[in-house]
Amino acid sequence: AQSVSQHNHHVILSEAASLELGCNYSYGGTVNLFWYVQYPGQHLQLLLKYFSGDPLVKGIKGFEAEFIKSKFSFNLRKPSVQWSDTAEYFCAVNAGNTPLVFGKGTRLSVIA
Amino acid sequence: DAGVIQSPRHEVTEMGQEVTLRCKPISGHDYLFWYRQTMMRGLELLIYFNNNVPIDDSGMPEDRFSAKMPNASFSTLKIQPSEPRDSAVYFCASTPGQGNYNEQFFGPGTRLTVL
Numbered sequence: 001a002q003s004v005s006q007h008n009h010h011v012i013l014s015e016a017a018s019l020e021l022g023c024n025y026s027y028g029g030t031v032n033l034f035w036y037v038q039y040p041g042q043h044l045q046l047l048l049k050y051f052s053g054d055p056l057v058k059g060i061k062g063f064e065a066e067f068i069k070s071k072f073s074f075n076l077r078k079p080s081v082q083w084s085d086t087a088e089y090f091c092a093v094n095a096g097n098t099p100l101v102f103g104k105g106t107r108l109s110v111i112a
Numbered sequence: 113d114a115g116v117i118q119s120p121r122h123e124v125t126e127m128g129q130e131v132t133l134r135c136k137p138i139s140g141h142d143y144l145f146w147y148r149q150t151m152m153r154g155l156e157l158l159i160y161f162n163n164n165v166p167i168d169d170s171g172m173p174e175d176r177f178s179a180k181m182p183n184a185s186f187s188t189l190k191i192q193p194s195e196p197r198d199s200a201v202y203f204c205a206s207t208p209g210q211g212n213y214n215e216q217f218f219g220p221g222t223r224l225t226v227l
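As they're listed, the protein sequences go chains A and B.
The numbering of the first sequence is this note's numbering, which starts it at 1 and goes up by one.
The numbering of the second sequence is this note's numbering, which starts it at 113 and goes up by one.
Bear in mind the hints are in silico, worked out from the structure with no lab data behind them.
Backbone N, C-alpha and C define an ideal beta-carbon position, used for all residues, glycine too.
Any given hint could turn out to be false.
Derived contacts from chain B toward chain A, CB cut-off under 7 Å, selection only [stated by the list, open to error]:
#1 G154
#2 E215
#3 P220
Derived lysine-lysine pairs resembling DSSO-like cross-links, with alpha carbons at most 30 Å apart [unchecked claim]:
#4 K104/A - K49/A
#5 K136/B - K49/A
#6 K104/A - K69/A
#7 K104/A - K71/A
#8 K104/A - K180/B
#9 K136/B - K104/A
From just these sequences and the hints, can you work out the full model?
In structure tokens form, the structure reads like this:
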């Protein structure tokens with residue numbers, strides 16, 4: 001069965017700091033990879049997704065993620081965070097047309 | 113489009129009571145998913161439907177939980193009887209066509225508290 005690990009439960013950064021949130025998955029075949037974000041009091045929404053092609057994927061709001069197949073990783077990055085990026089971030093994976101498996105999430109707090 | 117609609121947004125009930133959560137997916141979306149979110153277990157898939165038919169209910173925790181989708185625009189998740197450990201946020205999501213290849217659109221969730 002697929003599983004997703006998000007290494008950090010809670011990350012605290014100052015504004016303008018760089019962000020990298022780790023995501024590792026366990027599945028040996030071809031996978032689809034997603035990052036979702038949940039802003040305080042709001043529902044989950046898609047940040048970016050990877051199906052194939054360029055392993056560096058750019059999403060909304062300046063976020064990007066890199067798929068490294070050899071490391072089974074899909075880390076999320078942003079060069080300079082803002083206070084408005086405070087949210088919970090979820091990595092998710094599936095294989096073909098199978099349900100998504102979500103990680104437990106990483107809470108990001110950005111302080112001024 | 114109004115997005116995925118869930119009701120109620122908050123539900124507080126006493127142990128043993130029946131709880132019914134409701135979801136209206138985005139019009140035209142063929143897939144509907146029910147998730148449960150807790151601090152301990154994160155976001156878990158409970159069940160999903162394709163064209164109103166349940167495809168995978170292996171995530172439903174026990175017989176106290178049931179879900180129906182009588183038509184393309186409405187689904188319910190019922191807990192009977194409810195227990196304190198059912199306290200969680202329950203999300204509904206929908207997606208069109210290609211199902212799990214696509215972005216899932218989430219509703220605002222129902223925060224359930226069972227006393």
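Each hint tested on the structure:
no., hint, verdict
1, G154, "4 Å, holds"
2, E215, "4 Å, holds"
3, P220, "5 Å, holds"
4, K104/A - K49/A, "18 Å, holds"
5, K136/B - K49/A, "25 Å, holds"
6, K104/A - K69/A, "21 Å, holds"
7, K104/A - K71/A, "19 Å, holds"
8, K104/A - K180/B, "27 Å, holds"
9, K136/B - K104/A, "26 Å, holds"
The structure shown violates none of the earlier numbered hints.
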